[in-house]
Amino acid sequence: MNEHEKIRALLSLAAADVLEPSEEKQLMDHLRTCDSCGVELEKWKLLAGGLRRLPTPQPRSIVVERARAQAQIRLTEEIEHCWNRTVIIGLLLFAWILTLLSWPLVRLFTGGLLGMLDPRFNHAWIVFGVFTTTVWLAGGAAAVLLSLQQRRERRLA
Amino acid sequence: MDMTGNATVYGVMTRGIAGRDGAAATYWEGRVALDSDVAQLRRGDLDALSTLLTRYQNRLYRYLLRMARQPAEAEDLFQQTWLRVAEKIQHYDPRRSFEAWLFTLARNLAIDHLRRIRPESLDEPIGDAAQGETAATRLPSHDRPPIEGILQRERSQRLGVVLEMLPVVQREVLTLRFEEEMKIEEIAEVLGAPLSTVKTRLRRALERLRVILETSYPGENWQ
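Chains as they are written, first to last, in the numbering used here: chain A, 1446 to 1602; chain B, 71 to 293.
For reference, chain B alone in the conformation it holds in the complex (with noise of 0.2 Å):
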């Protein structure tokens, strides 16, 4: 390799060390400014309060969006959740990951509405399978077969459609672990399940979803 080569590898290695490194450093930034606001909540400082709510509210709302599946209820579950914050924030231990007690609340104030209001729906959201009735069947109607350069946009809708039909157990490990992006221990974590119970939640909500897409949606791509 001649010098202008060897100048090029070191440019494209140096600028993807800084890249990495930068990267590491907004990663410590923002732990640093969350433990810094989460000690400032549990001092009682309300501006704390409202940075943690602005920094976590599309996050938490979709997560209870997926649990309640009714804007309505997740909007409602948001509100106790935020004011059970502030309730409990002096009982939260800082050692622990603000963000798994924080989802760890709200699970709990879900798996709670979900059992008040509809306790059927914490086991099967599917109809009586007895009746013949899958969770295909009760897809929106998909008369015309898929067709290729769909927009994305409609296949994440259907995903989500499909997503929804899945038991309320399989619907929150997925969207924890694919959209809150959290790792395996901090699923555990929330759940209050053990590692291996997450994975095997984990890996059969995938098979289930993936069963349901492929029945409804032959041959379309799900990217």
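Okay, chain A solo, but in the shape it has when bound (with noise of 0.2 Å):
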């Protein structure tokens, strides 16, 4: 491909404005010796401004209001549901918190009454370990399953 072929193969993008600065120079020091190219890039250049001038359709006014009114809604579904989902998670953190602090309070207070409670590696202390894990996990899990399937109806909705 010859010089002039490269400046041609540039003309459609130099009427587009997507020029890089060194083609665009190398295109303007061609133009000076080469009429037909120039030629070329008006055409190239009425036709860009043909296309810029083309008129705007516009959405009928129903549509956009009824497009308002349902995006104002789902924007409102999925702030609450945000909310919702730091309020649980807010609620999770502080019950795990209360939880174990609960096991050394107990024992604290009642002066070692409670000895099955304490803090040991035993047998008592396994046993209710995974009692309250097995609690919390199965009441994380109904949460996740009644999330998605609000999610899913609401998809469908």
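By construction, these hints were calculated from the structure, which means they are not laboratory data. Take the hints with a grain of salt, since some may be wrong.
Restricting the straight-line Cα-Cα distance to at most 27 Å, the calculated cross-link-like pairs of lysine-lysine (DSSO-like) are [what the hints assert, rightly or not]:
1) A:1490 / A:1470
2) A:1488 / A:1451
3) A:1488 / B:158
4) B:253 / B:158
5) A:1488 / A:1470
6) B:158 / A:1490
7) A:1451 / A:1470
8) B:253 / A:1470
9) B:253 / A:1451
10) A:1451 / A:1490
Make the complex out of the two chains shown on their own, each in a separate frame, by following the hints.
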């Protein structure tokens, strides 16, 4: 491909104003000596001008209003969902902290009466730990399933 | 140059600079307002959603219409896009251009829609080439040759019709560049393609458009 052909390939992009500065300089230098490329560039510019002046179709106002109303409802739902998630996470953390703290606290306040809750690695501790974790996991799984079901229902609606 | 001449030149230059500064100020005001609206929308402000919808309604609809070609489908996609905006705004990265993000959402929905409804339209909108059908043969009836002084509106209408005959990947790159006036980098972001690919698509789209126009309406001025 010679210089002239290379420049020809750039003309349409020049009309679209997307040339690199180096390509633009190359084009300008070539146009000083090549009238046919100048004519060709004018044709591309006319076409580009035509494309820029195409009329803008407008959506019907009823469609815009419907989109606005639906999007506002969805945004409200999303914010509510986000808030609910934050509250649930906060509650979960709070409950876990309370649970963990309760063992040494109970022992402290009962003066060692409830020795079975001694946080040392004994049988009662393991049973209690497994029981608590199972209950929490079951509760968490139920919450996740309910949330997924809600989301599916909302999507179908 | 005498004093009067100098004064005139100075006046023209001052007006020019003032005009440029005015345009720049308007641009930055627009950007600040947009950023503020987007930030408010991320906080869940319904008014900000309404403002952004009003701001982009025509441009977004035009883009979707160029993609889908059918007004009813474009309207449906328009509504879906704003629903998607409401759903995904929390995931929007404010360092990105909101415009590019919005058009990316719209594009993904339009591509999914076209893939579902008319899979063939993603590759080639023109019928079977083996049967001799070309873009030009699908143009509206054009019995009489173009006459001098033909109305701009009619030219635009024809240009719009020919534009619809291009493949969707070429249509969209043309509409993003010339109608939406996006920079090439923004187009690349919307399309999720490298700059070189965008430029190649743009060049091929323009070349194809011109071939169809020159075949169908020889000698016509398309400005």
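Hints and how they fare:
In summary, the hint linking residue 1490 of chain A to residue 1470 of chain A is supported, as the alpha carbons are separated by about 18 Å, within the 27 Å threshold. The hinted pair formed by residue 1488 of chain A and residue 1451 of chain A meets the criterion: a straight-line CA distance of about 17 Å does not exceed 27 Å. Distance hint between residue 1488 of chain A and residue 158 of chain B is unfulfilled; the C-alpha atoms sit about 43 Å from each other, more than 27 Å. For the given pair, residue 253 of chain B sits about 24 Å from residue 158 of chain B by alpha-carbon distance, which is consistent with the 27 Å threshold.
As the CA atoms of residue 1488 of chain A and residue 1470 of chain A are separated by approximately 20 Å, the hinted pair is consistent with the 27 Å bound. A hinted pair counts as satisfied when its Cα atoms are at most 27 Å apart, and residue 158 of chain B with residue 1490 of chain A does not qualify at roughly 39 Å. For the given pair, residue 1451 of chain A sits about 13 Å from residue 1470 of chain A by alpha-carbon distance, which is consistent with the 27 Å threshold. Among the hinted pairs, residue 253 of chain B with residue 1470 of chain A is consistent with the structure: their alpha-carbon atoms are about 20 Å apart, no more than 27 Å.
In summary, the hint linking residue 253 of chain B to residue 1451 of chain A is supported, as the alpha carbons are separated by about 23 Å, within the 27 Å threshold. Taken as a hint, the residue 1451 of chain A and residue 1490 of chain A pair is honoured in the structure, with Cα atoms around 18 Å apart against an allowance of 27 Å.
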